[in-house]
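Residue numbers (full-length UniProt numbering), protein chains in the order written: chain A, 1 to 274; chain B, 1 to 272; chain C, 1 to 357.
Heads up, some of the hints might be wrong.
Computed list of lysine to aspartate or glutamate pairs in EDC-like fashion (alpha-carbon distance at most 20 Å, straight line) [to be verified]:
| hint | chain 1 | residue 1 | chain 2 | residue 2 |
| --- | --- | --- | --- | --- |
| 1 | C | K329 | C | E317 |
| 2 | C | K53 | A | D53 |
| 3 | C | K49 | A | E49 |
Source of the hints: derived by calculation from the structure; they are not laboratory data.
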Amino acid sequence: MKKMKLSNLYLWVVFILLYVPIIYLVMYSFSKGDTMTNFQGFTMAHYQELFADTRMIQIVIDTLLLALLSSLIATAIGTLGALAIHRTTKPLMKNTVLSLNNILMVSPDVIIGASFLIFFTALKIPLGFGSVLLAHIAFSIPIVVLMVLPKLQEMRQSMLDAARDLGSSNAQILSRVILPFITPGIFSGFFMAFTYSLDDFAVTFFVTGNGFSTLAVEVYARARQGISLEINALSGVMFIFALLLVVGYYFIQEGQAKRKAHAKKGGHALEKTH
Amino acid sequence: MKKSSTNVAFYVPYVLWLALFVIAPLVLIIYQSFFDINGHFTLSNYATYFSSGTYILMTFNSVFYAFVITVVTLAISYPTAYLLHYTKHKQLWILLIILPTWINLLLKAYAFIGIFSQNGGINTFLSMVGIGPKQFLFTDAAFIFVASYIEIPFMILPIFNGIEELNESFVNASRDLGAKWWQTFTKVIWPLTISGVKAGVQAVFIPSLSLFMLTRLIGGNRVITLGTAIEEHFLVTMNWGMGSTIGVVLIVAMFIIMFLTGERKKKRGRRA
Amino acid sequence: MKKLISLTVAVLLVVLGLAVWSAELQKSQGATGDNTLNLYNWGDYIDPKLITKFEKETGYHVNYETFDSNEAMYTKIQQGGTSYDLAVPSEYMVEKMNKAHMLLPIDHSKLKYLNTFNPDVMNRSFDPGNKYSLPYFWGTLGIIYNDKFVKPGEIQHWDDLWKPQFKDNIMLVDSARDIMGFSLVSLGKSMNTTDAPTLQAAKAKLDSLAPNVKAVVADEIKMYMAENEAAVAVDWSGEAADMMAENSHLHYLVPSEGSNLWFDNLVIPKTAKHFKAIYAFLNFINKPENAAQNAEYVGYTTPSAKAQALLPKSVREDKQFYPNEAIIKRSEVYKDLDPSVVGLYNDLFLEFKMHRN
Numbered sequence: 001m002k003k004m005k006l007s008n009l010y011l012w013v014v015f016i017l018l019y020v021p022i023i024y025l026v027m028y029s030f031s032k033g034d035t036m037t038n039f040q041g042f043t044m045a046h047y048q049e050l051f052a053d054t055r056m057i058q059i060v061i062d063t064l065l066l067a068l069l070s071s072l073i074a075t076a077i078g079t080l081g082a083l084a085i086h087r088t089t090k091p092l093m094k095n096t097v098l099s100l101n102n103i104l105m106v107s108p109d110v111i112i113g114a115s116f117l118i119f120f121t122a123l124k125i126p127l128g129f130g131s132v133l134l135a136h137i138a139f140s141i142p143i144v145v146l147m148v149l150p151k152l153q154e155m156r157q158s159m160l161d162a163a164r165d166l167g168s169s170n171a172q173i174l175s176r177v178i179l180p181f182i183t184p185g186i187f188s189g190f191f192m193a194f195t196y197s198l199d200d201f202a203v204t205f206f207v208t209g210n211g212f213s214t215l216a217v218e219v220y221a222r223a224r225q226g227i228s229l230e231i232n233a234l235s236g237v238m239f240i241f242a243l244l245l246v247v248g249y250y251f252i253q254e255g256q257a258k259r260k261a262h263a264k265k266g267g268h269a270l271e272k273t274h
Numbered sequence: 001m002k003k004s005s006t007n008v009a010f011y012v013p014y015v016l017w018l019a020l021f022v023i024a025p026l027v028l029i030i031y032q033s034f035f036d037i038n039g040h041f042t043l044s045n046y047a048t049y050f051s052s053g054t055y056i057l058m059t060f061n062s063v064f065y066a067f068v069i070t071v072v073t074l075a076i077s078y079p080t081a082y083l084l085h086y087t088k089h090k091q092l093w094i095l096l097i098i099l100p101t102w103i104n105l106l107l108k109a110y111a112f113i114g115i116f117s118q119n120g121g122i123n124t125f126l127s128m129v130g131i132g133p134k135q136f137l138f139t140d141a142a143f144i145f146v147a148s149y150i151e152i153p154f155m156i157l158p159i160f161n162g163i164e165e166l167n168e169s170f171v172n173a174s175r176d177l178g179a180k181w182w183q184t185f186t187k188v189i190w191p192l193t194i195s196g197v198k199a200g201v202q203a204v205f206i207p208s209l210s211l212f213m214l215t216r217l218i219g220g221n222r223v224i225t226l227g228t229a230i231e232e233h234f235l236v237t238m239n240w241g242m243g244s245t246i247g248v249v250l251i252v253a254m255f256i257i258m259f260l261t262g263e264r265k266k267k268r269g270r271r272a
Numbered sequence: 001m002k003k004l005i006s007l008t009v010a011v012l013l014v015v016l017g018l019a020v021w022s023a024e025l026q027k028s029q030g031a032t033g034d035n036t037l038n039l040y041n042w043g044d045y046i047d048p049k050l051i052t053k054f055e056k057e058t059g060y061h062v063n064y065e066t067f068d069s070n071e072a073m074y075t076k077i078q079q080g081g082t083s084y085d086l087a088v089p090s091e092y093m094v095e096k097m098n099k100a101h102m103l104l105p106i107d108h109s110k111l112k113y114l115n116t117f118n119p120d121v122m123n124r125s126f127d128p129g130n131k132y133s134l135p136y137f138w139g140t141l142g143i144i145y146n147d148k149f150v151k152p153g154e155i156q157h158w159d160d161l162w163k164p165q166f167k168d169n170i171m172l173v174d175s176a177r178d179i180m181g182f183s184l185v186s187l188g189k190s191m192n193t194t195d196a197p198t199l200q201a202a203k204a205k206l207d208s209l210a211p212n213v214k215a216v217v218a219d220e221i222k223m224y225m226a227e228n229e230a231a232v233a234v235d236w237s238g239e240a241a242d243m244m245a246e247n248s249h250l251h252y253l254v255p256s257e258g259s260n261l262w263f264d265n266l267v268i269p270k271t272a273k274h275f276k277a278i279y280a281f282l283n284f285i286n287k288p289e290n291a292a293q294n295a296e297y298v299g300y301t302t303p304s305a306k307a308q309a310l311l312p313k314s315v316r317e318d319k320q321f322y323p324n325e326a327i328i329k330r331s332e333v334y335k336d337l338d339p340s341v342v343g344l345y346n347d348l349f350l351e352f353k354m355h356r357n
C-alpha cells in the first residue's frame, strides 16, 4: 500500500515536470505584458489578436494538413518497409538496411535540409508544399519502421504457420493475421511521424518556398523580435485541442473495447492489444 | 510465383525511399566532404578534423554531454515507464507523455528561460524563502536539465513498449521462488526489457550528439557540440565541405553504435 | 484491418477538409499568382500594416517569406526553385551576391524617391552608385549598458569591457565578424583585417575577455537585457532600440574609436518575375511617410532623410541612432572577404566560445 503511494507520487512528479513549461506558456498567454517574465494582469487580448491573424490561421491549417498527410503516407511506406525488413533472412543485409534506415534519424537537421534542397533543385522539383511534403514523408519513414518492427518480431511464427495450414493465402494472412497484430505499432508510428512533422524547423526551412510556411518556421521568424504572446495563445489553443482529442479518442476506444469484450466474453487475446 | 510478386510490392516504395532520400543524400554528403571552401578536391577536411585540438575537444564535449543527458534521461524514464505499465489507463498516460513534444521546441526553451531567469519563477521562489536569487541560465546543469526534459518522451516510449512485451508470468515465477524485489528486477525484469532500453538509448544518445539550438538558448554558447559546428559551417561560413565531414563522422559514429547494440542482441539470442 | 481502414479514411477526410479551408483562406487573401510580390525578408522586419496598405493601394498580393541569416537566404536563392522578387541582404552579402551574378540592376528611372535618401548612406563601397541595391535600414555595432549596474561614463571605449568589475556580466551577440571586429578595433586594427597573425592576436585578446562573458547569444539577448539579466551587452543599434523600448535603464553607445556600419538593402534577385510589383513596392516603401512608419515599427535607423524628418524629435536627434558624420567617418563597413578568411574568423570565434577559465 505504501509502495503504491510512493510510485504514484513519482509519476505525478514526472508529469508535473513535463507539463510545467507548457502551463507556464499558457499562463503567460493571459498576461497583459509582452514577455514571458513578470505576469502583468489578466487579458484575453492575445487570443483576439490570434483569431484576427489570418496569416497565422492559414499557417496552422497548412501545418496540420502537412503533418497529417505526410505521416499517413510515411506510415504506409514505413509499414511496408518494416514488413520487407522482417522478411529479410540474411543478417548482414538486415543490419545494413536498418543502419541506412537510421541515417536520417541521426543526421543533424541542417545537413538533411541542405542535401534535400540540393536534391530537389537538381530534379527541378519546385519548392513549396510539394517539396516540404516529400521531405516530411522522407524523414518520418524511419521512425515508423522502428515502431512497427518490434511488433513484427514479437509475432510468433507458429501463428502464421497455423493460418497457412488452415489454407489462408498470403494476402489473407497479411490482412487477417499480421496487420491486426501490428496495428498498435502502426498507430505509434503514425503518432511519432506526426510529432516529428509538427516539430521540424530546419528541414522545412530549407526546402520550402513560394509562400508556403509551417508553424515552426513562422515561430522562428517571429522570435527575432522576442516571442509575442500571441504565439503563447496559439500554443494554448492547440494544446487544449490536442489534449481533448487524445483523451476523447482514448475513451471512445475504451468504450468500444469494453462493449466488444462484453459481447464476446472471453477468447479475445488479440483484441486486447487493440 | 505469387509469393515473390507480393514481396516485390512490399519492397518497392521503401527501397525507392532508401535510394532517393537516404543513399543519394549520403553519397552527396560524402562527396561534399572531399571539397574545400574554394571547391577544390582535397582530403584536408578530414586532416583538419583529426588534427585540430578544437574539433577533438568538441567531439569529446559532445560525447560527454550526450552521455550525461542519456544517463539522466534513462534514470528518470525507466521507473516512469515501469510504473506506468501498472497504471489503470496506461495507454492514455503514455499518450499524455508524448503530448508535450507537440509544442514547439523553441517555445519550450523560451518558457524555460522565463522560469530560470533572474526574475523568473524559481528565483522568485528562492527569494521568497530567503535563499536569494541564483544563476541558473547558462550553466551546465540548466543545459542538461532542459536537454533531458526534451528527450524524456523519446526514452519513455520505447522502454514502455519493451516492458509491455514482458511476460508477467516470469516475474510472478521469480517472486514465487522467493526472490527479493531487487533480485527479480536485476535477474528478470531488466534483462527482459533491455531491448527497449537500447532503443531508447539510441533514440536519445545519437541526436544528443548534435544538439545545437539549446546550446545557445540555455547554454549561452558555453557548451559547444558538433551540432553547433555543423550549423555554423552550413549556415555561416558556407564551408559545406567541413560541415559534411563532421556529418560523415557523426554517421560513422551512429553505425558503430548500431553495430555494437545489434551484436549484443544476437549473443543474447544464442544463449537463450 | 477494419480499424486501420476506417482511421485512414478519417485522416484523409480531415486532410481534405483542411485543404479546402486552406484554399478558401488563400483566395480570401487575394492571391492568384500573377498579381503577387514575393518578398524575402528577415522575420518581423516590416510593419504588417504597411503590407496591408500596399495591397489595398496597388492591388498586388504580398507573399512574405522570412530567413534568419544572410547565408541561408543566399543558399536558397542560389539553388533556384524559388521566385523571390525582392530580398533584403546585408551589405557584405550584396557584394557576394553581386560577384556571383545573382542580382539584377535596379532601374533608377523608375524610382520616385531616390533623391530623398540620406547621402551618407548612399554610394557605399559594397555597391557603388547603388546599381543593385537600395538601403532599407542601417545602423552601427555598439555597447548597451544598464544604468542600474553601470555608471554613465564608465564605458566609453571597447577596452572598458575588459574591466574586472564586469566579471560574468557581459553578453555578446553570436556573430564572428562583429565580436572579432571589436577586438580588432580595440587593438587599433581594421575590422576587415585579413592577415592571420593579427586575427590570432585579436582572438587572444578576446580569450582574456572570457571571464567577463556571461553568454554568447542571438536574438534572445534583447529579452535578457530587458530583464536585467546582464549589465552590459555588445549588439547592433537596431536590437538596442528594441531593448531600450522595453527597459528605460538601458543605454546605447558607439565607442569613440569607431565601430561597424551595417546596411540592410533591398535587392532584386535574378529569380524575380513580377517587375511591375517590384517597382510599385520600392516606390511605396521609400515614400517618406511609409518609411517613417516602418522605422517607428521596426525601431531601426531609416536611410531616408525625408522620413527621418518625420520622426519624433527625440528619435531623429538621438546621436546614437542617427550618428553624426564623425562617427560615420570613423566606422567601417564590412567587405565581402575571401571565403577562407571568413572561415578563419569563424574558427577563431568558435575557439573563443570554447575557451573556458
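Taking the hints in turn, this is what the structure says about them:
In summary, the hint linking K329(C) to E317(C) is supported, as the alpha carbons are separated by about 18 Å, within the 20 Å threshold. Using a Cα cut-off of 20 Å, the hinted pair K53(C) and D53(A) holds, with the two alpha carbons roughly 16 Å apart. Under the criterion of a C-alpha separation no larger than 20 Å, the hint pairing K49(C) with E49(A) is consistent with the structure, at around 14 Å.
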